[in-house]
Structures are given as C-alpha cells and as structure tokens.
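J.: Each chain, written out:
Protein chains: 2
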Amino acid sequence: MADRRAKGEPSLALRAGPKSAMDDFTRRRQKLKRCLKEEGLDALLLTNPLSVSYLTGFSGDSSYLILGAKQTLLVSDGRYAEQITEECPGLEAHIRPPEQRLQEAAAEQLKKMRLRTVGFESASLAVAECEGLRALTPAIDWKGKPDRVEKLRVIKDATEIQQIREAIRIAERAFEMFRPMLRPSDSEKELSDALEMYIRWAGGTCSSFPAIVAVGDRSARPHARPTDRRISDAELLLVDWGACERFYKSDLTRVLLTRKNLSFSRTARKSRAADKLEKIYDVVLGAQEQALRAIRPGVKANDVDAAARKFIAEAGYGQYFTHGLGHGLGLQVHEAPAVRANSTDILQAGMVFTVEPGIYLPGWGGVRIEDDVLVTPDGCEVLTSVAKDWTSIHVGA
Amino acid sequence: MADRRAKGEPSLALRAGPKSAMDDFTRRRQKLKRCLKEEGLDALLLTNPLSVSYLTGFSGDSSYLILGAKQTLLVSDGRYAEQITEECPGLEAHIRPPEQRLQEAAAEQLKKMRLRTVGFESASLAVAECEGLRALTPAIDWKGKPDRVEKLRVIKDATEIQQIREAIRIAERAFEMFRPMLRPSDSEKELSDALEMYIRWAGGTCSSFPAIVAVGDRSARPHARPTDRRISDAELLLVDWGACERFYKSDLTRVLLTRKNLSFSRTARKSRAADKLEKIYDVVLGAQEQALRAIRPGVKANDVDAAARKFIAEAGYGQYFTHGLGHGLGLQVHEAPAVRANSTDILQAGMVFTVEPGIYLPGWGGVRIEDDVLVTPDGCEVLTSVAKDWTSIHVGA
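As they're listed, the protein sequences go chains C and L. Under our numbering, the first sequence has 143 at position 143, and the numbering climbs by one with no breaks. Under our numbering, the second sequence has 1278 at position 278, and the numbering climbs by one with no breaks.
Simulated from the structure, these hints should not be mistaken for laboratory data. Just so it is clear, the structure is predicted and the values come from calculations on it, not from any experiment. A virtual CB, placed ideally from N, CA and C, is assigned to each residue, including glycine. Each hint should be verified, as a subset may be incorrect.
Some, not all, of what chain L presents toward chain C, calculated at C-beta under 8 Å [as the list claims (entries may be wrong)]: (1) C1035; (2) P1146; (3) E1150; (4) D1193; (5) P1210.
Covered by chain C, according to a simulated footprint, are these stretches of chain L (three or more residues, beta-carbon under 8 Å) [unchecked claim]: (6) 1195-1204; (7) 1375-1385.
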C-alpha cells in the first residue's frame, strides 16, 4: 500500500449523523478551550491523532489541529480534503501542498495566526518532532503538558457511551457464535482467528486487541499468546476478547469449562480438580462483586482494587492476583482511569473501565472474569451481560 | 484484558531457533555499539519496543534496553521474566518490582552502571517521558538522535529477508484462496474480512494492515475504506493486502477484472471502457518495469520514483499518479527507505521496499500494481510473484 498511515482506519463519524456529531465535537473543543485561559495560552497544537479525532470526528492522521480562542484550524493534506468535508462539516481546514511537510505547514499557519504562547501534547509528541517545531517557530513560547485532552476523555459523553455499548454488543454477539462452534479439535490459534471473524461478522471493524484463547494451564499466563494447544487437552478454556465498533473498544473475559472430563458436567459427580476450580471461580466472582459494589463517584480507584484484592487474599489466593483490577476503556483499549493499587484516580460519573479480577496458579490454570462498567451518579452500570454464573459456563453441558 | 500492552503480540523469535537468533541479535548490537565511540557515548538507552525487539528478539514491551560498551541490560518486569529467558537466552535482565515504574528502574540501573553520557531515541521518546528520565538522572548528559537503530534496520540481514519472504508467501497463499472464492454478491467489507481470515489460515499472525478492497470507481481512492459496495457493481476490483508472519510484514496490490461485463472477457469483443482500462493498466505495468530496471545499489531512490513517474507522464497520466512510488518494508509496513520524489535516500544492497505506481481517475477508477523488492549487489530481486499480466487478472475468464 502507498505510504499513508490512516488507510483502513475506522471512522469516528457517528451513526447519529454529521449534524449531531458536529455538536459533540464542538462541545468537546469548548471544554478544552478552558485551559487556554487557565494556562495563559493563545492556542493549543493537537498532534496526537486520537486527540484530533476526539475533537473533530476526523478519522485520518498526518494532520494537526490548531485550537485557538477564536479560530480552529485543521492542518492536513490533499489526500484528506474530501474526507474532512465529509467527516467534519463546518471545520476550517488548511490543505498543505504535497512538497511541504506537515510541521512546516503547521508552523506557517501558527505564524499567520500570530500565536505566541502555544500548548503542545508532551505525552505523545516525540522529542525530535518537538525540536523540529521549535526550530520552525523561534517566536513561539511552547508549553508542553501531558494530559489536557486525556483528562476530558476520561469522562465519556452520551455519544461515546453509546459507541462503547455498540462495541460491547458486537463482542457479545461474536461470543454467542463462538460458544456453539467450539470443537474439541480446535486449537487456541484457530479459535483466536475465528473470534476475529465472528467480531467482523457481528458488525465490528476488527478485534480491539488480538484475542487471547488459553487452554488449561496456559490460562495461568494473564496474556497468553495463542498456540497449537487443542481444547481437548484440558477442561478449562479462558477467552479474553473485545471488539472495535468504529473507534471505540470493548474488552471482556470469560472462562468456559469444556466437556473432555465429565467431572465438570453439572450432573456428574465432581472430581477434586473440579472442586478446586469451582472454589477458585467462586472467589474470583465474589471479588468482582465486591469491586462492583464499591464503585460510585468520589471513591478512590485504588479502594475498588482493594475491595477485590482483600476478598481474594482472605480466600488465601492473594499472591495469585498478579495484576491491577482494571483500566479505562474508550478510543483506546487501555486508557485512564487506572484501577489498581497505586492509582491516584478518583471515580467520577461517566468513567468507563474494566473490572477483571483473576487468580493464576502456575502450572495449573487461571480464572479471570472481566466486565465493562460505567460509573453512574449513584453507583455503576455493568455494560456487559455475558452469563458468568458457575452453571452457565459449562459448554455443551 | 489486564493492562499489559504486549498481549497477543507476535514473537520475533526465529524459526531457526534460539541459538542462531541470538547470533543475529548479538551482531546487530555490535553494529549499533559503533556509535558509542563515534558519538562519545557511554551507552544507549533503547526505549522504542521495535528497537528492543530488533536488538534482542524480545517480543514484549514495557522494557528498556541499556546498551553499554561492555554491559547490555534489559530492564523489564516480572510479567516478562519467563519470556525473556525463552526469547533472549544469555541476555542479562533486570526485573523491576511491581511498585517501581520502568523509568525509575532504568534510572537506577544507569546510575549503578556509572554511565554519564547516554544516547536516547529522540524520534520515539515523548517529551514528557524524556523530561521524566532527565529529572531522575540529573548527573547524566542525555544525547538524543532520531535514527541510530533505524539506519541499521534499513539494511536487512539474511534472517530478516527470510522472514519477509515468509510474510510474502503467506500473503500470496491468502490471495490464491481469495481469487476463486470471489462471488458477485460479495461486498468490499466482506472480502476485506475474508482476506484477514485467509491470511491467518495461510499461517500468518494477522494482516499487516486492514486490507483494501475497492470496487469500481472507489479504486480511485488510493486508501479506500471497505464499504458495502458489491463486486457485481463494477468490472474493476482493486485489492491491497499484506501479511504479518510474526513480526515482519508484506504488502502487495493487484487489480482484478470481474466478469459482470463480458466486454472484459478475453474472448469477447472489447468495449471502449475496456480499451481504456487495458491502456491504463499497460501504462502502470510499464512504469513499474521502468522502476524495477532502475533499481541497483548507488542509485538515488528519487531517481527510481522518477523513472516510473516519467513513463506515466509521457503516457499523459502524470497528474493522476498522486503518491510516492514506494516505501521500505520490515518490522513496520512503512519504514525507510522512502522511494519518492523528495527522498534523499541512496539505494543499498539489502534494502527491501515496495514498488507501486498507480493511476487514479476520480469518478472512474484506479489501477495500482504493487510488488516487494530486495536490492541485490547488481540490481534487484522481485520477491513477490502474483501474476500481473493483462490476461491473468481476469477473474474466472
């Protein structure tokens, strides 16, 4: 393919149509503009493609957004002219000529707009790019800050919540196909590939990350890479998957009990291994319930992590819960807030994150249960709905 | 999924096994170490995950590599301890505790090693990360440079060429499945999704980018996003696809003539539209031949672009070849060298890049032919082999 990074990227344009999409983007830009006054800036230069998409609905890249108090300008190139008109009605754009680099075009426009103090995104702009910009704009006083846009993105607006719900619905439809299609001879790799296809059939653009399908003791690795191991090799199957609707992501985990060993059937007499698995499963599910109960605005994210962690520790498995409880979800599959022991985030209504306690016993196996939640004014709404009680995770039983 | 970026990432470990892989990585590190003396550095801190993978074979992320004259140290964390032992036998690793951040651990090790002048990767390290590192290491004199590793990566070693050949073989097998499976009722989106699956069935990890499948006049957009448009809506189908074997990428484009209109059949009398398409196809193919003939060590990359561009211009389509001729291919689907009009790169044996001239007539359609080539000591080898003569691109004819 020709050298253009945005090729094939999903569109952020909303199903609600350009008019209401425009309203969302204008509203987000208005909120961001508050920092101009607060920080004494003439403008912001947004260079992170996620920031540009979030603030304009533009789904391409290689484009910078200049956000001034009075003027907003998207600096892009001819390849995107048509797309900008479609995706960002009413947004002023400067189309650079092919022989001019993006930085040069942005510098030229900043000078033309007579901007003197300009904020930039220090968490995403690389040192060399920043040096290039400074060299092109000796009169500009550049003020880097890592999280101006990220702080807005952490609270999802109604349109974003709708898009996350859609990403979840797609992932859940894919799992509805996945379950009845399981065969004992399927390998982890085959099943991970199949999930990718089911997600696309269900209307998704693609997986939000390469699906984890881990058989037996491989489930003890929280981020196992799919291998040729077959389902029939063990009773336990862990599946961690998510869908990308256009831009927004979902992320779920379930374990399934496959039927190789009848001891896992509800009706058969259970083996000691099955007893152990059921006990661990109950602990993880209980820990998740504790965490869900703790979620509401004003609560510290690390206290939510602690609620789950305490429950697991009291059951004697504390040392086997080896990762944080959850992470924010949105345009990225991992974003703010951090829901873990060393987090300083405070929960607010409109945050969306995963709640995914796990117990991993090396050489034996792991159990993780992961759902996506929205913080509401008085608690939380669990957005995901795949069944997770002990009896419902038996495949074909 | 739990917050860990490398989950599901393909492994860079070589099929040849850990021993020979180790040799490649040691060789690459030895080459890179030359810049220590040249630049008066005590060490390099490699923070770009691609650099770390290229130099060690480690396929995870969240890890920094300290490359000193005498000591090489991978700073990572407990989640990766087992994987580092598997993927990087013999490499010294420092495993940080969970409560310590990666930057803090790296700073601690740099101090311990008494390094005073340290190079960093300015093209990938973000400003905020760099500031964080500087604050943690006030005694270190940091020297940023954008392309120390990239300059090595531009010349592929034998192992890399083998891996790129494998990525091409997978993409070509996928296309062999794709062609006979085409149905008039298939949409661009369905076919793009199907190609993803064929690539995985053929042994690939995934597509190296979302496949472009463009019907009729949509092929005039060099980076068309797949829609619900059906094959039967037009005669022309453009497919731009590539595979990722583990880490290395391939990238090809072919146009196919579908049979809706019998005028495109070899045996039927041709319409004027078919005449126009055949003429344009011949021009693009001829332009590619001109470019391929121009490729050999010592030649300027922009002269190769010019060879194709001149041929297209002389045929009267100069203004419709709207992108550069090609781009390097390797760990990334777009990397050095740049093969376009404003490139300053000089071709060297061992470079691998795409050669992809195109003619795009808005509202009518586009033709692009893309192959991957390796620069050899006396010319070039075309690594891709999907048929592209006029008669062979008729589907089912």
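J.: To test your reading of the hints: which numbers does this structure violate?
T.: 1, 3, 7
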